[in-house]
Every structure is written in C-alpha cells, then in structure tokens.
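**Q** Taken in sequence, the protein lines are chains A and B. Here the first sequence stands for residues 915 to 1300, where the numbers follow our numbering. Here the second sequence stands for residues 2 to 300, where the numbers follow our numbering.
Take the hints with a grain of salt, since some may be wrong.
With a cut-off of at most 27 Å between alpha-carbon atoms, the simulated DSS-like pairs for lysine-lysine come out as follows [said to hold, decoys possible]:
| # | chain 1 | residue 1 | chain 2 | residue 2 |
| --- | --- | --- | --- | --- |
| 1 | B | 111 | B | 156 |
| 2 | A | 1179 | B | 156 |
| 3 | A | 1034 | A | 1060 |
| 4 | A | 1179 | B | 166 |
| 5 | B | 91 | A | 1151 |
To be clear about the criterion: a stretch of chain A counts as covered by chain B if any three or more of its residues have a C-beta under 8 Å from a C-beta of chain B, and this derived list gives those stretches [said to hold, decoys possible]:
| # | segment |
| --- | --- |
| 6 | 988 to 1002 |
| 7 | 1013 to 1027 |
| 8 | 1035 to 1042 |
It is worth saying that the hints were derived from the structure and are not from the lab. Don't be surprised by glycine CBs; every beta carbon is placed ideally from N, CA and C.
Now for the letters of each chain:
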Amino acid sequence: MAWRYILFNKGKTTILIACLMVVMTLPMALHLIVTCSKEQLTSRANETPLVIGSKGSALDVVMNTLYFTRKTPNLTSMGEVFAINQTNLAYAIPIYNRFHAAGYPIIGTSLDYFSFRALKLDEGSQFTFLGECVIGCKVAKSLGLKVGDHLISSPENMFDLSGTYPLRLQIVGILQPAHSPDDQGIFVDVKTSWVIGGLGHGHKDLAKSSDSSVLLSKNENTITANAKLLEYNEITKDNIDSFHFHGDNQDFPLTSIIAVPHDLKSKSILRGRYQESEQSQQAIIPIQVVDELIEAVFSIKSVLDIVLLIVGAAMLLAMTLIMVLSLRMRQREMETIAKLGCKQMKVVEMMTAEIALIIFFSLLLSSGIVLLIYTNQENLIQRLII
Amino acid sequence: MKKTPTAILFALAITPWCWNIPIEAAPVKPAIYSVNYPLAYFAERIGGDSIKVVFPEIEGDPAFWDPDREAVMAFQQADLILLNGANYAKWIHKVSLPYSKLVDTSTAFKNRLLTRNNIPSHQHGPQGDHTHEGIAFTVWIDPQLAILQAEAITKALQGLLPDQKERFGDNFIRLKSELNLLDQELENLFSKNPDLHLIVSHPVYEYLAKRYNLNFKSVMWEPHQPITESQWNDLLPLVENSSTSVMMWEDEPLPESVGRLNEIHMKSITFSPCGNRPKQGDFMEVMHRNLSTLSTLYD
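With the hints as constraints, model all of the structure from the sequences given.
**A** This is the structure we're talking about:
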C-alpha cells in the first residue's frame, strides 16, 4: 500500500526524497572533502622539508611547488641552487613551473626530483637530452599519449607576438601512478624549460649562413641577425648542437627550490641563513603554510556546519509540516481504510512504511553521491581547494 | 680415488649453504664519473679502492666529446659526477644530469679563470668543428689549481663516504705534496730563462703561462696534421723578432713539422696537458715527462 502510494504521488515523493537527500549529503560531502583535502595537502607538505623562494607570498610559492598551481610566485634564480649545494647542508632541486602544454603544467626540474618523490617510470626512460619530457600517468591517459609522441608547449600569452616560440617536446617516459599532483605533470629538465622561456635557442650558424637577408650587421666579433632568422621549435639529434643559452645560468629563473637537508641540524642552520633581514630569499617549511591554509578551510567549515545545521533543521521542520498537512489531506482516505476493516495500527504501519521508504531512497541517493565524491576526491580537491 | 679432492672441494664449497652461514656480498663501490682524465686520476689517487672511478673511452679531446644516449644514461646513474668547471665539456649543457651529484671542481678559484678571445673555430679528429673561445679550461696544468681541484674532490668523497674521511684526507695530502713538488720544479725550470719566447700549437696553456709568467703566443696547429701554407704564414710574423723561439706541442708532432720548424731555428717540444687518458703511464708520469722535455731547453 505504502509503495503504491509513493508511486502514485511521484511529485510529492520526489520533492521529499530530494530535500532529505540534500540534508544528508551536504554535511557528509563537506566533511569528506575537508578531511581528504587535509590528508592530501599535509602528506605532500610533510614530505617536502624546505622550499626556498623569493620573498613574497609563501602560500603562492608552496602551492606552485607542491601542487603545481598556475599562479607564478616571485622568481628566484639557479644561482641559489648552486649556493645551497655548496653549503653541504642540503641538496637543492630546482623547480620552474611556469609553462603549460595541453592544459597541464610543464615542470622544469632535475633528475633529483624523481628520486626525492620516489616517482617510478611505467614505461620509457628518464629525459636525457634537451627537449625531452616525462609525463604523469593522468596526462598520458587523458591525452592518449605514449612514449615517442610529442607535446607542444603553449605560448605564455596569446597576444604577445614577440613572446616565446612553442617548443615541441618529445615524450620519452611515462610515470607510474603516484596519486599526487605529479600524475598531472609534464616534467622536463630545467634547461628545457629555459628554452621554452626563450633563454636558450637553436638556429642556423650565422657565420656560415649564405642568406644575407637575415643579417642586420656583421663584423669580426659580432653578427647580429634580424627577426627573419628562424629558431628551431623542436630539439632533435641534428640540431641540438646549435642550441645555446644567452647569459650566465646562475641568473636564470626558477619559481622555487626544494631543499633537502641532510639532517635536522642542517635544516635549522639552512633556515637560519635565510632569516637574515637582508636576504631576498625565504626558506619556507611547507607544512606550516599548509596548516595555516587548512586552519582557514576548517574555520570556513565550522561556519558552513552552523549554516547547514540551521538549513537542515529548517528543512526537517518543513518536511514535518508537509507530512502533517499531507496526513490532514488524507483524513478521508484514512477513514475509508478504517471502514474497510483495517485496524488503526495498520494505518500507522502504512504511514511509517511510507516515511521509511522515502528515507531509504534519500539515503541510497546520498550514499551514491558521497561515493562519487570519494572516488573523484583528488580532482575535486584540485579544483575546489587547490 | 682420483675423485676424492673434487669431492672435498665440493663439500667445502657447499658448507656455507648447508650450515646456513651468511655470505657477505662484496660492498658496492660508489661510482665516480669524470668528464676528463686529470679529475679521474685525482679521484683514483684520493679514493683508492673505496670507489670506482669511471672515465669513458673518448677518442680525441674530452672537452669536445659528444656522448650518445647510453653514455649520458650511465652518467645519470653516477654517485658523483666530477666536472672541470670553466665551461669545459659543453655537452653537459645539452643533457640532463642530477644536480645533487655534480661537483664543480673549479668553484674555489672561479675568480681566477682566464678568458680566450678571437679564437677561430677549427676541426680535428672525429668531433667536428669546435672553438676554444671563451673561458680557458685547461686549469689542471697549473699544479696549484690542480691541488684546489683535488681538494674539491676530496671534500665530495668525504661527504659521500664519511667513514673514509681520514683515509681520503691522507691520500689527498700525498697527492698535494707531489703536485707541489711538480710546481716547484716547473717554477725552477721556467725561472732559468724568463725571456724564453714560446709559441704554442694550441690555446691550452694559459694557466701554465699565468702561473710561471711565460711569454707565449698561440697558433692553431694540429700535431698529427701537416703544416699548411696558411698556418706557416700565420707563424712567421710571430717569430720575426725573436731569436730563441720554441714551438710547444700538445702531442708528439709529425717529423716533417719538426723539420720545417728547424729550418727557421725553432725547437719543438711536447708538453701534453693530458686531458685524455694517456696511452702510457698516468697523469703524474706525463707531467714529469713534460718536465724532462722542458728541461732539454735549458741544457
């Protein structure tokens, strides 16, 4: 009877199920996202002992370094990597996360990054020469890429005509799933990222060029070419020797540096060196920054919890009202049932069954949504929190 | 009866397995890769049998080596990679190596590096066109700079194997005293005739000249190639007003080149920078051979 009633009153039942489902899902989903994001954020931050970056927003530096966010922090330089390595207190891993390809971040780094994050290759090999890249498993899966395929870096600014040329990167390796932002990264040697940034390039040897229309001036010491000189947009075995960098690589930019101290004492000494006021760089302990971020997220959550509590209570009251009004409307129906010989208790049982069915379906839908959130938590957290 | 010794040997061989005696595997020695021979030699002297020094077989000058993928991948697996610095081995700028393993042995004397200008590009051996323009990189032929390079290697090895710190320190002191002795002998020799007019076959002796205040000019001749007319014409203005000119070759020159230089009363001597592994002897032996060749000038 209860089932028949529910099927007959589809509109009313759907509204009740939807309302109850929202009341059940929202607190659970919120709790799940906040808890999972806390775990994800803290585990990666805990694994990263020190991040060195230019003075400015510590949050920008940490988020760019650990979670490959798009916002570029103030830049530091490669000289800082050499300086840290020379201290014998830590080894330094350069990070230059500024460019993108097919919507995924291109991370210029060194081979030390892979051993530091314990990233393993699923197929192929590590990058060996300029112009090669290793991609995360999600990049490979979503773009349908395999070893030997190519990816083209996106220009930094579509409207900057004098900007950098897109570079065609050769995929030489695909990483095993790491269940971290590394799955969505395109990793290149930091020198390749400088080529993408225009600090290094390859072109025909001007001294041997017979095309005089590409030359602006030529004397014993210097040859100046004009914009007609075509730069190579792919680094191959045939043209790699023509690639060169202009300037001292000590001055070349990085978005940050991961410093891995040899022990706790070294970590303290290294941090101390960056705390001097005249330092233009800062040493950040990622977990401290992430804890602050989580604290902010949790304070928002507690406000949201109160709001949800009030909204939930109001919704339950409204639902109770609907049920009571519905019972009044069904007064004649109840009387007919009684006249047909049904006991009063049977009517109560029928009403309870109706409510139980509504709660059951709400719970079923709510569980489905929570399960969906749980399975896609990484993506959701990347989009919502990071 | 003849089978008895074999049976005893077999029994002895399987005893550890029978008694479950743990057999200690030989410890894996750290692999130290080097971009040139002098650094490999210093590492061998300092690290001794505690390390495995790898310097690849390179045909020609290691400064202009063009490694293939397998060679680079081998370098990527190294525990330490010894770099000469001074922009030596330009191939390292085109490959990916782990920065944490790199040891730039000339960092301590960065402000003492010399630059070369207006050097034309040239070709010899299998390595194609190259130029010596830019920072002079043959730093190790100044024994004092070689000591600083060896010191950088010692520190890196001590960091890698802290339990061998003392041993590496002692080995370094021995090497240092040999290099100091070489330095002293070179100084004594060159000071005998400070006005000696040297022509060098290749621009690789800047640090030697700086250390001992040598008066030298450079041409771009190859010891294993005959002298061309254009090269000869380049030489003549350099020796015009000089009575005692000497051509210093980086390797044994062709007899006809020596003969032609003799015609204009120029002596030929060989002073090998020893950038690549010598066919005979080691770095110190080559340096002492250089010393004895030089001493013939002052006899």
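**Q** Taking beta carbons only, do three or more residues of the segment 1035 to 1042 of chain A come closer than 8 Å to chain B?
**A** Three-residue rule met by the segment 1035 to 1042 of chain A, so holds; n is 4.
**Q** Hey, residue 111 (chain B) versus residue 156 (chain B), does the alpha-carbon distance stay inside 27 Å?
**A** Holds: residue 111 (chain B) and residue 156 (chain B) sit about 17 Å apart, inside 27 Å.
**Q** According to a criterion of three or more residues whose C-beta lies within less than 8 Å of a C-beta of chain B, is the segment 1013 to 1027 of chain A covered?
**A** holds (count 3)
**Q** Hey, residue 91 (chain B) versus residue 1151 (chain A), does the alpha-carbon distance stay inside 27 Å?
**A** Distance ~16 Å between residue 91 (chain B) and residue 1151 (chain A) Cα, so the pair holds.
**Q** Hinted pair, alpha-carbon criterion (27 Å max): residue 1179 (chain A), residue 156 (chain B). Please report holds or violated.
**A** holds (20 Å)
**Q** Between the segment 988 to 1002 of chain A and chain B, are there enough contacts, at least three residues with CB-CB distance under 8 Å, for the coverage claim to hold?
**A** This one holds; 5 residues, not fewer than the three required, reach chain B with a Cβ under 8 Å.
**Q** Run the distance test for residue 1179 (chain A) versus residue 166 (chain B): straight-line Cα separation, threshold 27 Å.
**A** holds (20 Å)
**Q** What's the verdict on residue 1034 (chain A) and residue 1060 (chain A), does the C-alpha distance respect the 27 Å limit or exceed it?
**A** Holds, at about 16 Å.
Figure legend: structure checked against the earlier numbered hints; every hint is met.
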